[in-house]
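First to last, the protein sequences are chains P and L.
For the first sequence, our numbering begins at 1 and goes up steadily by one.
For the second sequence, our numbering begins at 1 and goes up steadily by one.
Please note that the accuracy of each hint is not assured.
[As the list claims (entries may be wrong)] Once the Cα atoms are required to be at most 25 Å apart in a straight line, the calculated BS3-like pairs of lysine-lysine come out as: (1) P/Lys377 <-> L/Lys94; (2) P/Lys370 <-> L/Lys93; (3) L/Lys94 <-> P/Lys370; (4) L/Lys93 <-> P/Lys368.
[Claimed, not checked] Among chain L residues calculated to face chain P with C-beta under 7 Å, some are: (5) Cys14; (6) Tyr18; (7) Ala72.
For the record, the hints were derived by calculation from the structure and aren't laboratory data.
Virtual Cβ for every residue (Gly too), placed ideally from N, Cα, C.
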Amino acid sequence: MGPGLRRGDDKGSGMEHAISVNPWASLAYLVAGVCFILALRGLSSPASSQRGNRFGIIGMTIAVVTTLVTHVPTFRAGIDWVTVAEILAAIGIGAAIGLVTARRIAMTDMPQLVAAFHSLVGLAAVLVAAAAYLNPQAFGIADMVIPMIGQPFAVIHQVSRVEMGLGVAIGAITFSGSVIAFLKLNGNMGGKPIMLPGRHVINLAVLAGILGLIAYFTTDQSAWVFWTITALSFAIGFLLIIPIGGADMPVVVSMLNSYSGWAAAAMGFTLHNSAMIITGALVGSSGAILSYIMCRAMNRSFISVIAGGFGADTGGGGAAAATDRPWKRGSAEDAAFLLSQAEQVIIVPGYGMAVAQAQHVLREMGDKLKEHGVRIKYAIHPVAGRMPGHMNVLLAEANVPYDDVFELEDINSEFAQTDVAFVIGANDVTNPAAKTDKTSPIYGMPVLDVEKAKTVLFIKRSMGGVGYAGVDNDVFYMDNTMMLLSDAKKMVEEIVKSLD
Amino acid sequence: MDFISILSIFVLACFVGYFVVWAVTPALHTPLMAVTNAISSVIIVGALIAAAAVGLGGSGAVSKGLGLVAVALASVNIFGGFAVTARMLAMYKKKERPAVVSK
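Isolated chain P (complex conformation) (with noise of 0.2 Å):
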């Protein structure tokens, strides 16, 4: 890389490889990559993890400097400070919706945050292609051809063409189902999965005419096989999301991230820049690594999340015998007295606790059992919420030390020594059935063995509701269970209350 690989300039069309041109900029691009690795190895540890991001901002700010003082056009008078306006305006309105978007942002609502940024990622994909295609000699990645009748045209070479085809394919895909999944998580639209006939045949139908259209791209640039392929790309996009269900968001969300970054790394290959491949390969694997741990979390195949469908309708054989078997209904003081006497509590935290904006008292009710002399610790599983992390974020704003907090693997074997486990807005990561009952949707799916503790409390709207999985909880039934049925906010408050 670097210089010396200029041959392109030698061929009569000066604009050819025009941006790698100048060696200081290809330096600088990759000093950028270099930032943004070092931006994801600080989040190695949270006390590190601030460093990460000011590394990112740097190599951001070092890739845009770069690229406004090797392109902004400079005529004999000068600078041409009308472009340099129009894109700082540009900047401009694009930073304050952003700020302010980032500001106000609930920490409850990050998964909808997240699924917007994307669909923004891809959406800009698609346009910076597009900008591509429509402008090539800008992008230094066609040759002038001067016919001897009629106007002189760019031809774009043919590995830019594939480059350019992916690119806008997968933004497309990125952004219309980066919009679904935020419609879905906004609750805009129902998290019920849909299911239209023969989507499978429909969704490799398509996929196949994207592949084709693009091989055939390098035959004939005209303009209709480049917007077919971006429309086609939309159609799937939204083709392959509207299919997933509410509980299977993790893996959604982890993989348009995944997605995000290759488009990125597409429109890197295209325009030969370090920054843009070196942070799409980074994207792109941190998106993959996250779908993959969340699959396996679930004990479930990628491809059985991308084929959909999970928790729609499963016979509700399970659902309707729920109530017929006896269980044990607590009180608030019942839980407050159990609570304060115990040695070590375990709170497990889930969706639920999210909804009811529960984390805030939840920290509060953990303050006064530390008064009481209780051992508090936190266990998360990894697919809680609806992004991965995402437990530990809303923990963290309420302030929960993060040495309080445990994983799955870290913490599952002290549920024996424990004498409460506190399972708040978490059902189906607690479901026993994962391990022994081999006809369970959910059998093989690592869960918290909250059943081992020596009391569970188990706070819940209401008995009649299962889970995403559509599948009862034996741990409701038990001996040892005390159900506190109630809106989790308001039965924690309660709990508060009675310890004082």
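Given the coordinates of chain P, work out where chain L should sit on it, guided by the hints.
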């Protein structure tokens, strides 16, 4: 840069990404998504090139316009992404007193 050099960077960066991301603590997976989202907006580089290009003819002007819109969209992401990550990371605190009352 020729295609093979670019591909080399890409493949090596994928490996770097693999190891770096596995090292991220699960508690920070949400900030990880927010920050990767912010840095994937490095696509703004392409948007800036389009926006700064001298737009000749109809398609040139359209290209410039698309570039400017893309610059604005990517900026939302860059500023919003880094700001929201910073806000989240500021919340992760260590216990003030390491000594637990009981024990």
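Do the hints match the structure? See the list:
Note on P/Lys377 and L/Lys94: the hinted pairing holds, with a Cα-Cα distance of about 14 Å set against a maximum of 25 Å. Distance restraint check for P/Lys370 and L/Lys93: the Cα-Cα separation of roughly 18 Å lies within the 25 Å cut-off, and the hinted pair is therefore satisfied. Of the pairs offered as hints, the one joining L/Lys94 and P/Lys370 holds, with about 16 Å between alpha carbons and a cut-off of 25 Å not exceeded. Distance hint between L/Lys93 and P/Lys368 is fulfilled; the C-alpha atoms sit about 19 Å from each other, no more than 25 Å.
Interface restraint check for L/Cys14: the shortest CB-CB distance to chain P comes to about 4 Å, inside 7 Å, so the restraint holds. A hinted interface residue such as L/Tyr18 counts as satisfied when its beta carbon comes closer than 7 Å to some beta carbon of chain P; here the least separation is about 5 Å, so the hint holds. Interface hint status for L/Ala72: upheld, as the beta-carbon distance to the closest one in chain P is roughly 4 Å, under 7 Å.
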